[in-house]
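Undergrad: Going down the list, the protein sequences come from chains V and Y. The first sequence lines up with residues 95 to 124 when you count with our numbering. The second sequence lines up with residues 22 to 497 when you count with our numbering.
Derived contacts from chain Y toward chain V, CB cut-off under 7 Å, selection only:
1. G42
2. H45
3. V47
4. V379
5. G387
These are calculated hints, taken from the structure and not from any lab test. Please read these numbers as outputs of a predicted model, since none were measured by experiment. In this text, a Cβ means the ideal position worked out from N, Cα and C, and glycines have one as well.
Residues per chain, in single letters:
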Amino acid sequence: KHIVTLNTKNLQTTVKKGCGECQTSVGNQE
Amino acid sequence: MSLIHRYESNGYHIVLDINSGSVHVVDEVTYDVLPLLEAQIEEEKQQAKAPRQGDAPVHNDEPIYEALSGRYSREEVASSLEECRTLIEQGMLFTEDIYQDAIEAYEGARQTVVKALCLHIAHDCNLACRYCFAEEGEYHGRRALMSFEVGKKALDFLVKNSGARKNLEVDFFGGEPLLNWQVVKDLVAYGRSLEEPYNKKFRFTLTTNGVLLNDEVMEFCNREMGNVVLSIDGRKEVHDRMRPFRKGAGSYDLVVPKYIEFARQRNQERYYVRGTFTHHNLDFSKDVLHLADLGFKQISVEPVVAAESEDYAIRREDIPKILEEYDLLAKEMIKREKEGRGFNFFHFMIDLTGGPCVYKRLSGCGSGTEYLAVTPWGDFYPCHQFVGEESFCMGNVDEGILRTDIKESFGHCNVYTKEACRDCFARFYCSGGCAANAWHFSGDINGNYGIGCELQRKRVECAIMIKAALAEGSEG
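Between the sequences and the hints, there should be enough to build the whole structure, so can you do that?
TA: Here it is in structure tokens:
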């Protein structure tokens, strides 16, 4: 009733899953 | 230090859970409950409780009811608290920062490869833009064009130092790259010849002031360039004031028709019209909208970064006006999007559902490690903004990287090594900002550029608000 969540996100899940394949650039960076 | 960032924008009460990245739009009672709830959590943590009844914690909510009793009913506050605690259990509210140890271990262990080069194909220019950090393209040095031989060695270096990575990026930059157009074309052909034997794929990009843009250049770019950046500041009087030819005439009338055609040929994709706003056009939202009204769909208009002694530099007293302009622009973008004539604004682009992992977010752009700039004579610098600062020269295309100490200092630069970033709510979207700006303003790549930080925080707030407004519009 009180809260609308825009995204169900938790960055903590990315601590385990750093592959280094990302491009050079961040906030909107496959 | 709060674990959330609360702000009001355009009638929305928005809460960013900083360390998870979750974003919530809340009602007024929840907006007021949250700081009291956070204080309660902090107090319980310090006293190593909450008291428990069976498995469930029992919280003393009376102080919260008391604090809000004049404004909200007990039932409203209770149901808001219940929703907040559900989100806490789901890991989307008051999430802790667990990243500092992880990023330090990551940076200690990782082996970086070179992913991208910025080729300064021409240290020369046919314009005399007043704010150019390259000083008419010369970068505090001499006029020079990169030879094919130097460019070829740079591409060989990139292939050799990119490890197993397949996708490589090469940006043709200047000065004005079209002053050395044949070498650009020859280097693209050389890069393509390396792709199959080395299992690489080049993405070439080009920045131009548009003066020498013609049908042949457009046709080649449409075939070979993954992105083109077309420099234009906005309204004619704004553009011509800052981007004149050397003899003083403006360049707006010459470049605009060509840009419009170029964007049309590229199907309004894979390009940016890119401008700079200064102290002289603090009403820059009008310049953004002018570009949108010309039909451009991919737009970036960015604040000038200049020494305070320059008449066009952004000053601290300009900040309130700039923040106001970002608000105006955000509201207009929402309106246009809902009317079916939206456009992209680079600094309002944010991915709330995807985006990169926390390591990328904390370690920043890659300058000095994954990204290097190459001068016309083949010297390496951490990025294009450091070119000409001799103490940052890292090596050259013949001998490779000689100053591994510079590479290491950039490699260990992250949000937690920057005092000003540790408590900033925008740290996962800005990644500690620009090392060159930090160095120019604080003398330390681990410093910060305060004005830039304030503007960045506002842009993140606007970008999230736009997402909230458009999400609301798409409901039902």
